[in-house]
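Novice: Chain residues, written in single-letter form:
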Amino acid sequence: MKITLNGELRDLTGPTVQDTLNEIGLGAAKVATALNGAFLPAGSRANTTLTDGDTLEVVAPMQGG
Amino acid sequence: MPVFYGTHIESPLMLGTAQYPSPAIMAEAFRASCAGIATVSLRREGGAGQDFHRLIKELGLPVLPNTAGCHSVREAVTTAQMARELFGTPWIKLEVIRDDDTLCPDVIALVEAARILSDDGFQVFPYCTEDLSVCGRLLDAGCQVLMPWGAPIGSGRGLNNPYGLRSLRAHFPKVPLVVDAGIGLPSHAAQAMELGYDAVLLNTAVAKAGDPVTMARAMALAITAGKLAHDANPIEARDMAAPSTPLFGMAVLD
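Chains H and Y, in that order, are what the protein sequence lines are.
So for the first sequence, our numbering puts the first residue at 674; every next one is plus one.
So for the second sequence, our numbering puts the first residue at 1059; every next one is plus one.
Calculated from the structure, these hints are not laboratory results.
Misleading hints may appear alongside valid ones.
[To be verified] Below, a sample of chain H positions facing chain Y; criterion: calculated Cβ distance under 10 Å: (1) L682; (2) G700; (3) A702; (4) K703; (5) T706; (6) A707; (7) P734.
[Claimed, not checked] In the DMTMM-like style, the derived pairs of lysine to aspartate or glutamate whose C-alpha atoms are separated by at most 25 Å in a straight line are: (8) K675/H <-> E1133/Y; (9) K703/H <-> D684/H; (10) K1232/Y <-> D1189/Y; (11) K1266/Y <-> E1133/Y; (12) K703/H <-> D1109/Y; (13) K1115/Y <-> E1086/Y; (14) K703/H <-> D1178/Y; (15) K1266/Y <-> E1143/Y; (16) K703/H <-> E1116/Y; (17) K703/H <-> E1143/Y; (18) K1115/Y <-> E1068/Y; (19) K1266/Y <-> E1086/Y; (20) K1232/Y <-> E1068/Y; (21) K703/H <-> E681/H; (22) K1266/Y <-> D1109/Y; (23) K703/H <-> D1289/Y; (24) K1232/Y <-> D1157/Y; (25) K703/H <-> D727/H.
Just so it is clear, CB atoms sit at the ideal spot from N, CA and C, and this is done for glycine as well.
So here's chain H without its partners, still in its complex pose:
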């Protein structure tokens, strides 16, 4: 399954968003997600299935002003 993850085209197994986070080592990390430009709450990751061409953004706390 080819998705764009944080701006980079990746070939990942999935099929869910939570599976994908586990696959990239962020399964237990403090992150937030957006799927195809819309906020995806943490509670929905396990039952949201990714499909080819999806865009997933995974963000974390960062310095800001």
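Following the hints, put chain Y in place on chain H, whose structure we already have.
Specialist: Frame of chain H; chain Y shown alone:
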């Protein structure tokens, strides 16, 4: 001390967490500043986010996440939703940028995003211009705090339009007002407080100073001085001199 959305804040200095030479210096600058709020952001996770989250928690301050870098209503709303989940707060410093050279807010999009977020339960801190009509619209949209810029973000120019900021203070005497952005020197921060503002939000002036910790302390002192000066009801400026020493009883020596 300021009250934002019913929350009492310990200090009128709101300090950003970006651009410090090191995490240790950032933490020390925060201690020196006695800041009441730490502003934070969110970015694609590249490995540093988890350490930063621990550092922020150690500061023990209320955090104000921002939507820095957003240029559209949709981007800003989605970013705010992710920030609420990440930081566990309904507070959001709402930035919707129109122009990349000045980082001037897109005030039309800002009002629209503020309405959407307020309706969704967010407590919005809009980074806005000092325009009275825009600020009125933001209040209509549900904002209970306004954060007009002093000058473009990172410019260090101080308060470009003291008249506009004073006018805003006079029109909205009960609304918490924060000068956000453009502060370069402690005197700028003091001036904002002398105008009767409730708080000052700054980042670059401290983080990029040669000695961030000392500058943090200087900002804290200036903000305290500015607030005291405002509370002391300063004299009006005059065009002509007025002798401070009474003339009555002066010896005649000619």
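Novice: Now look at each hint and say whether the structure bears it out.
Specialist: Structure-based check of all given hints:
no.	hint	in the structure
1	L682	violated, 15 Å
2	G700	violated, 12 Å
3	A702	holds, 6 Å
4	K703	holds, 5 Å
5	T706	holds, 7 Å
6	A707	holds, 5 Å
7	P734	holds, 4 Å
8	K675/H <-> E1133/Y	holds, 24 Å
9	K703/H <-> D684/H	holds, 23 Å
10	K1232/Y <-> D1189/Y	holds, 17 Å
11	K1266/Y <-> E1133/Y	violated, 28 Å
12	K703/H <-> D1109/Y	holds, 10 Å
13	K1115/Y <-> E1086/Y	holds, 14 Å
14	K703/H <-> D1178/Y	holds, 23 Å
15	K1266/Y <-> E1143/Y	violated, 30 Å
16	K703/H <-> E1116/Y	holds, 16 Å
17	K703/H <-> E1143/Y	holds, 10 Å
18	K1115/Y <-> E1068/Y	holds, 17 Å
19	K1266/Y <-> E1086/Y	holds, 14 Å
20	K1232/Y <-> E1068/Y	holds, 19 Å
21	K703/H <-> E681/H	holds, 21 Å
22	K1266/Y <-> D1109/Y	holds, 22 Å
23	K703/H <-> D1289/Y	violated, 43 Å
24	K1232/Y <-> D1157/Y	violated, 31 Å
25	K703/H <-> D727/H	holds, 22 Å
Going through the hint list in order, the structure does not satisfy hints 1, 2, 11, 15, 23, 24.
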